[in-house]
Amino acid sequence: MRDRRTIFSVFGTLICLAIAVHVLLALIIIISPETSRVSPALKFYRRFVVLGPFFQQPRIGSKSHLMVSQQVNGTWSVPTDYACEDVANPHLSKNLALQRRAFEVFLTESVNHSRREADRTRALNELKMYLRTQERFRNADSINMVSIRRGFSDGVAGVDTVFQFRFRNR
Amino acid sequence: MNVQQKVGAVVEAALRRPLQPLSTLVFYRALTAAVLLRVLLAWRSQAMIAGVHEFRIPDGRISGPLLWPARFAAHHPHAFFLAVVVFLLVHLFLRCNYITAILFSLLAFNLLIFTIPSGDGGDVLTFMLSLWAIFLIPAKSKSGLRPQTLLYNAARIGCMLQFVFLYAASGADKIKSNVWTTGKAFDYMRYAGGMLNPDFPSFLATPLWDFAFSWSAILLETLFGVLIWFRSCQPTLIFMAIAFHLGIWWMMDLGDFSRIMIVAVLIFIRDDQYAGMFRPALLSA
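Top to bottom, those sequences are chains A and B. Those letters in the first sequence? Residues 97 to 266, per the working numbering, in order. Those letters in the second sequence? Residues 2 to 286, per the working numbering, in order.
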């Protein structure tokens with residue numbers, strides 16, 4: 097009985113020590129997030145244990161938007177950010193509109209940040225397929241998409257065009 | 002009593018008595034319900050995404066079997082979601098054990114991978130909480146020294162720390178950010194577009210309110226991790242954290258993230274507080 101108690105006490109003390117180390121590593125990341133580059137353990141902590149920080153200045157400073165226009169019977173429509181329009185539309189499911197917008201931003205960012213041409217082409221094709229699934233473009237002869245980034249850069253407000261792509265819908 | 006004796010006393014207590022079992026049970030059920038809701042709300046959009054997006058899910062010796070459900074979901078989203086809903090309903094109403102808890106965590110990990118194209122930080126938090134929750138299974142026997150009880154208590158502390166670290170990291174970042182301390186963060190988000198709820202009332206979008214919201218977030222996030230361990234501060238902080246996340250939900254349309262954060266806060270409510278909350282209702286029934 098005494099041996100069992102000793103084993104449990106050692107086990108318990110080890111867990112207490114593990115918690116103390118856990119807190120210490122997390123504090124290092126919280127105080128100095130850039131130290132996570134030093135070792136894989138700290139990198140793991142940055143990614144899974146000390147989540148965030150959310151809403152960092154670079155992330156809230158600018159946002160990617162996809163402006164889409166369609167050509168029907170030779171006439172081009174006004175470029176519109178349909179993803180944001182759908183979120184504001186009270187007649188559509190807000191949850192679905194938000195998820196679709198998140199996916200659209202994900203694809204647009206994939207095109208913007210792909211280092212390899214093959215990855216860029218793949219993301220661009222998925223963006224085309226995604227637009228083709230939408231009912232509003234069913235009668236379009238051609239679709240034009242312009243990716244813009246709106247926000248603040250060095251404290252100055254502005255809009256940058258990131259890429260433009262036009263394709264035939266049929 | 003020296004330090005060694007004090008540690009010994011803490012360890013002995015942690016081996017004998019599971020901390021706040023009612024609170025843990027409510028937290029675990031709420032976590033399962035939140036994942037169920039996440040799945041139901043993501044079903045339609047994820048099925049659409051699976052139709053156009055080519056998922057690149059690792060298929061190595063370890064990742065292969067672990068991520069098999071996510072690969073299956075990429076090709077058969079409806080079958081995957083149906084199976085997940087059935088499992089979660091069973092998990093929600095039946096008594097948990099280690100096997101179902103491990104399956105639940107595995108499911109949360111696969112959902113995290115499968116929903117990357119439309120997900121947010123809430124999915125990572127869900128997975129991490131589900132990972133800790135594997136050990137949140139109370140021992141069947143309530144007497145004697147139990148290593149299972151020790152693991153349960155450590156996991157409960159792990160869940161609490163997960164939340165505290167998240168707040169502390171966000172608070173520390175905001176305090177270092179000029180945009181947040183001046184209250185201009187919301188101005189930035191409004192200009193960038195696509196981040197704030199278009200239905201959020203315009204009378205709450207003034208510099209004064211922006212400043213008040215910014216500093217409410219900074220103060221809550223930085224002080225929570227320090228004050229939550231004091232009994233007298235707990236009810237106020239829990240109430241403020243829930244109100245804060247309901248506010249984020251309304252202002253920024255971040256329903257999934259806010260829901261899981263509110264669920265995570267539940268672990269800080271003590272058993273006696275639950276009893277205090279529900280006793281009047283039970284007595285009047």
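Quick caveat, the hints were computed from the structure, so don't treat them as lab data. Using N, Cα and C, we set each Cβ at its ideal position, and we do this for glycine too. Warning: the hint list may mix true and false statements.
[Unchecked claim] Below, simulated DMTMM-like cross-link-like pairs (lysine to aspartate or glutamate); rule was C-alpha separation at most 20 Å, straight line:
no.	chain 1	residue 1	chain 2	residue 2
1	A	Lys159	A	Glu205
2	A	Lys159	A	Asp182
3	A	Lys190	B	Asp200
4	B	Lys177	A	Asp250
5	B	Lys177	A	Glu130
6	A	Lys190	B	Asp121
7	B	Lys141	B	Glu13
8	A	Lys224	A	Glu213
9	A	Lys139	B	Asp174
10	A	Lys190	A	Glu231
11	A	Lys159	A	Glu181
12	A	Lys224	A	Asp250
13	A	Lys159	B	Asp121
14	A	Lys159	A	Glu130
15	A	Lys159	B	Asp188
16	B	Lys141	B	Asp272
17	B	Lys177	B	Asp188
18	A	Lys159	B	Asp200
19	B	Lys177	B	Asp211
20	A	Lys224	B	Asp174
21	A	Lys159	A	Glu231
22	A	Lys159	A	Asp250
23	A	Lys224	A	Glu205
24	A	Lys190	A	Asp177
[What the hints assert, rightly or not] Sample of chain A residues with no beta-carbon within 10 Å of chain B, all distances over it, derived:
no.	residue
25	Gly170
26	Thr176
27	Arg196
28	Ser210
Hints and how they fare:
{"no.": "1", "hint": "A/Lys159 x A/Glu205", "in the structure": "10 Å, holds"}
{"no.": "2", "hint": "A/Lys159 x A/Asp182", "in the structure": "17 Å, holds"}
{"no.": "3", "hint": "A/Lys190 x B/Asp200", "in the structure": "11 Å, holds"}
{"no.": "4", "hint": "B/Lys177 x A/Asp250", "in the structure": "16 Å, holds"}
{"no.": "5", "hint": "B/Lys177 x A/Glu130", "in the structure": "14 Å, holds"}
{"no.": "6", "hint": "A/Lys190 x B/Asp121", "in the structure": "17 Å, holds"}
{"no.": "7", "hint": "B/Lys141 x B/Glu13", "in the structure": "18 Å, holds"}
{"no.": "8", "hint": "A/Lys224 x A/Glu213", "in the structure": "16 Å, holds"}
{"no.": "9", "hint": "A/Lys139 x B/Asp174", "in the structure": "17 Å, holds"}
{"no.": "10", "hint": "A/Lys190 x A/Glu231", "in the structure": "17 Å, holds"}
{"no.": "11", "hint": "A/Lys159 x A/Glu181", "in the structure": "15 Å, holds"}
{"no.": "12", "hint": "A/Lys224 x A/Asp250", "in the structure": "33 Å, violated"}
{"no.": "13", "hint": "A/Lys159 x B/Asp121", "in the structure": "15 Å, holds"}
{"no.": "14", "hint": "A/Lys159 x A/Glu130", "in the structure": "24 Å, violated"}
{"no.": "15", "hint": "A/Lys159 x B/Asp188", "in the structure": "13 Å, holds"}
{"no.": "16", "hint": "B/Lys141 x B/Asp272", "in the structure": "19 Å, holds"}
{"no.": "17", "hint": "B/Lys177 x B/Asp188", "in the structure": "18 Å, holds"}
{"no.": "18", "hint": "A/Lys159 x B/Asp200", "in the structure": "19 Å, holds"}
{"no.": "19", "hint": "B/Lys177 x B/Asp211", "in the structure": "17 Å, holds"}
{"no.": "20", "hint": "A/Lys224 x B/Asp174", "in the structure": "38 Å, violated"}
{"no.": "21", "hint": "A/Lys159 x A/Glu231", "in the structure": "26 Å, violated"}
{"no.": "22", "hint": "A/Lys159 x A/Asp250", "in the structure": "15 Å, holds"}
{"no.": "23", "hint": "A/Lys224 x A/Glu205", "in the structure": "14 Å, holds"}
{"no.": "24", "hint": "A/Lys190 x A/Asp177", "in the structure": "16 Å, holds"}
{"no.": "25", "hint": "Gly170", "in the structure": "28 Å, holds"}
{"no.": "26", "hint": "Thr176", "in the structure": "13 Å, holds"}
{"no.": "27", "hint": "Arg196", "in the structure": "6 Å, violated"}
{"no.": "28", "hint": "Ser210", "in the structure": "13 Å, holds"}
Consistency note: the structure conflicts with the earlier hints numbered 12, 14, 20, 21 and 27.
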